[in-house]
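Asks: Sequence:
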Amino acid sequence: MWGEVAIEGVEKLCTIKSNVSVECDAPPYVESDFNRKKRATGQNANIHFDGYLASYPIFYAENPEFDKLTNVIEYEDGEEGAPITIMGRNLLEGALQSDYTVKIGLDGTCLIQQISNWNITCLPPKSKPRTNHSDETIVFVVVEVGNIQDNLGNIRYITALPILPIVIEF
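Under the working numbering, residues 1 to 170 are what the sequence shown spells out, in order.
Hints may contain errors.
[What the hints assert, rightly or not] Straight-line Cα separation of at most 30 Å, DSSO-like style, residue types lysine-lysine; simulated pairs: (1) Lys-126 x Lys-17; (2) Lys-103 x Lys-68; (3) Lys-68 x Lys-12; (4) Lys-126 x Lys-103.
Hints listed in this document are in silico derivations from the structure and should not be mistaken for laboratory results.
Given the sequences, and given the hints that come with them, work out the whole structure.
Replies: So this is what it looks like as structure tokens:
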């Protein structure tokens, strides 16, 4: 079928997905002589395939960092509430908006409305998703991008009490 594809400095062989697609782990990051991270210039990855050698530049980006939610966010069950904002850094350094998923509970998704290098704004589901939390009203918020999964905190879905008019006559 196909030969082996390997990258210098990486122990694990690449996975050949098809005759036009190969998935490989990236080689380890190399720091410069002055212990500063290389940003402008790429690091070459030497790829070996059946005696053929090719060198391709790889540009490394900082991993995104997310701020934890400081409080449990209250969200009204069954109503379209306000979007939530997740703060962070380097969110678009090495990823696109389409690479991000914000999960709410076990089976809910927060619909991403906007993303910048510093924050994600998304709209949680109207109804409370399933949860494995001991308090059934609380669901977790997890951001996923690439191989990163970061649990940021919780949302509490609350049931709004109906407003009943009271008439008082004198």
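Asks: Evaluate each hint against the coordinates.
Replies: Hint-by-hint comparison with the structure:
1. Under the criterion of a C-alpha separation no larger than 30 Å, the hint pairing Lys-126 with Lys-17 is inconsistent with the structure, at around 39 Å.
2. With a C-alpha separation of about 14 Å, the suggested pairing of Lys-103 with Lys-68 holds against the 30 Å cut-off.
3. Restraint check for Lys-68 and Lys-12: not satisfied, since their Cα atoms lie roughly 34 Å apart, outside the 30 Å limit.
4. Distance check on the hinted pair: Lys-126 and Lys-103 sit about 14 Å apart at the alpha-carbon level, within 30 Å; holds.
Of the numbered hints listed earlier, those contradicted by the structure are 1 and 3.
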